[in-house]
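4 protein chains.
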Amino acid sequence: MTPIHDQPQTATRAVATHRFDLRVYYEDTDLAGIVYYANYLKFIERARSEWVRELGIDQTRMKAEGQVFAVRRVEADYLSPARYDDVLHVETVMLPGSGARLVMQQDVKRGDMVLFSAVVTIICMTSDGTVVRLPAAIRQAGR
Amino acid sequence: MTPIHDQPQTATRAVATHRFDLRVYYEDTDLAGIVYYANYLKFIERARSEWVRELGIDQTRMKAEGQVFAVRRVEADYLSPARYDDVLHVETVMLPGSGARLVMQQDVKRGDMVLFSAVVTIICMTSDGTVVRLPAAIRQAGR
Amino acid sequence: MTPIHDQPQTATRAVATHRFDLRVYYEDTDLAGIVYYANYLKFIERARSEWVRELGIDQTRMKAEGQVFAVRRVEADYLSPARYDDVLHVETVMLPGSGARLVMQQDVKRGDMVLFSAVVTIICMTSDGTVVRLPAAIRQAGR
Amino acid sequence: MTPIHDQPQTATRAVATHRFDLRVYYEDTDLAGIVYYANYLKFIERARSEWVRELGIDQTRMKAEGQVFAVRRVEADYLSPARYDDVLHVETVMLPGSGARLVMQQDVKRGDMVLFSAVVTIICMTSDGTVVRLPAAIRQAGR
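Protein chains in written order, with the working numbering: chain A, 1 to 143; chain B, 1 to 143; chain C, 1 to 143; chain D, 1 to 143.
Worth double-checking, as some hints may not be accurate.
Said to hold, decoys possible - Residues from chain C shown here face chain B by an in silico Cβ test under 7 Å; the list is partial:
1. ALA32
2. TYR37
3. LEU41
4. LYS42
5. ARG46
6. VAL68
7. VAL71
8. TYR78
9. GLU91
10. VAL93
11. GLY97
12. ARG101
No wet-lab data here; the hints were simulated from the structure. The beta-carbon is built from N, C-alpha and C at its ideal position, and this holds for glycine as well.
Throw the hints in and build the complete structure from the sequences for me.
Below, the structure written as structure tokens:
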């Protein structure tokens with residue numbers, strides 16, 4: 001989870017955890033009375049969008065320039081259900097990636113309790129599907 | 001519901017009701033155990049997409065040519081709830097519109113029972129928001 | 001739109017506009033590059049949930065006691081599209097209803113610009129579908 | 001992917017692939033013009049629902065009896081994007097699990113091309129969160 005133990009000098013930056021708060025609404029639940037399993041992916045994407053914005057990246061401009069982020073892989077554990085009206089937050093931490101791949105740990109928590117934990121791999125690609133380097137702001141954030 | 005009583009010669013075509021079948025899945029429900037109210041709009045849009053396709057209109061090509069359908073107005077009555085696992089169908093009928101506006105009655109039914117009934121007004125617009133004439137196939141379908 | 005002109009003594013309360021802020025994320029958009037039309041119903045439901053909470057109503061408890069709010073009718077005008085990354089807010093005002101029906105005007109705005117405007121009728125019903133009186137906190141809010 | 005190589009006598013049953021067809025609609029896409037990543041989880045859940053129904057399991061009755069299926073883990077690879085109007089199908093195969101865990105491979109394909117491939121672990125739990133044995137029909141299907 002803290003992949004940079006060997007790099008104490010950059011630890012402060014690299015383990016920086018981004019926090020995003022959200023509320024569970026009716027739209028998020030299903031008839032089991034809990035958050036529908038696909039909707040956690042929406043929650044963590046909202047968090048990624050805010051994290052990316054805070055890095056100074058404008059996804060609308062990126063798209064106008066023909067590049068979008070795309071999810072390549074998700075490994076997700078559903079540990080405990082979130083319910084209607086819950087106040088949750090998403091914690092996002094960058095894991096070691098590469099110039100072409102952004103890997104993030106994203107946990108959805110209610111207070112201290114982890115309800116959902118995912119490792120998400122993101123790439124950047126052009127409209128014809130070619131994988132390109134990640135924006136510099138992201139490559140630098142991971143250092 | 002059958003707005004063309006005065007035009008018997010075109011009645012057969014104009015009252016043609018398009019039918020689209022669907023099943024209610026977990027994703028469609030909310031914690032009240034019934035279909036979430038916004039999701040009926042998804043159901044009727046699936047039906048419109050199939051209806052438009054059957055008229056020979058390719059929405060992907062339309063979009064590549066810079067035009068999309070846009071919903072301008074929805075009046076919707078929620079009469080009785082649909083539930084998980086229900087087999088539903090959408091009945092779509094064109095109401096009198098104009099060259100610029102397509103007005104449709106769309107009912108979501110379970111067997112003979114109307115659960116949801118909407119009147120939807122559609123326009124066609126370019127990517128800069130200009131309203132343009134509807135595709136000829138639609139204008140002719142309404143005659 | 002301001003239905004209480006004849007009741008100046010209660011005007012302050014009755015015209016109280018509830019405001020709910022939100023951001024447009026990827027999940028909200030469709031391939032036309034704008035917010036998918038059903039998702040405005042999600043936005044205004046989030047606003048209603050917060051408004052109801054602020055009136056002191058706990059929907060989870062209501063449900064445990066066998067009552068839920070249900071939408072009976074929506075009249076919605078789509079005036080101008082919202083786009084990815086937009087910061088929007090929902091303005092909610094109660095319109096004159098009755099003990100059994102709650103009618104609300106709900107506008108989705110970007111700054112001063114109204115993008116979507118709906119009149120929504122809500123009822124309160126038991127799990128067997130019987131319509132019951134609205135919670136007292138709501139009936140009183142409308143006076 | 002075919003985990004039963006050592007059990008040739010049951011191979012026919014165990015490798016039985018369930019197929020579920022679907023169409024991509026506007027609701028499924030995002031502004032990148034492709035299927036939004038969370039929506040593949042909806043697609044594969046529709047397929048699981050149909051597969052479970054074909055095994056004779058009534059999820060509505062299960063829920064009335066206080067049991068629901070819950071997803072415990074998803075490992076998903078996004079290989080190639082699905083687009084508006086695509087005709088897709090989901091192929092579902094049971095992998096070796098246990099009496100308490102159902103593990104399934106679920107691929108979303110366009111023709112022969114795999115666009116999305118997931119391994120999903122399902123459990124059965126009561127409304128208070130206790131994990132219980134899977135329904136017999138599922139345990140037998142996996143043999």
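For each hint, the structure was consulted:
1. ALA32: Cβ of ALA32 of chain C sits 5 Å from chain B, so the hint holds.
2. TYR37: holds (4 Å)
3. LEU41: holds (4 Å)
4. LYS42: LYS42 of chain C check passes; min Cβ-Cβ to chain B is 5 Å, inside 7 Å.
5. ARG46: violated (11 Å)
6. VAL68: OK, holds: VAL68 of chain C within 7 Å of chain B, min 5 Å.
7. VAL71: With Cβ-Cβ at 4 Å, under 7 Å, it holds.
8. TYR78: holds (5 Å)
9. GLU91: GLU91 of chain C check fails; min Cβ-Cβ to chain B is 19 Å, beyond 7 Å.
10. VAL93: violated (20 Å)
11. GLY97: violated (16 Å)
12. ARG101: Given a least distance of 13 Å, the restraint on ARG101 of chain C is violated.
Hint compliance for this structure: hints 5, 9, 10, 11, 12 are not met, and every other hint is.
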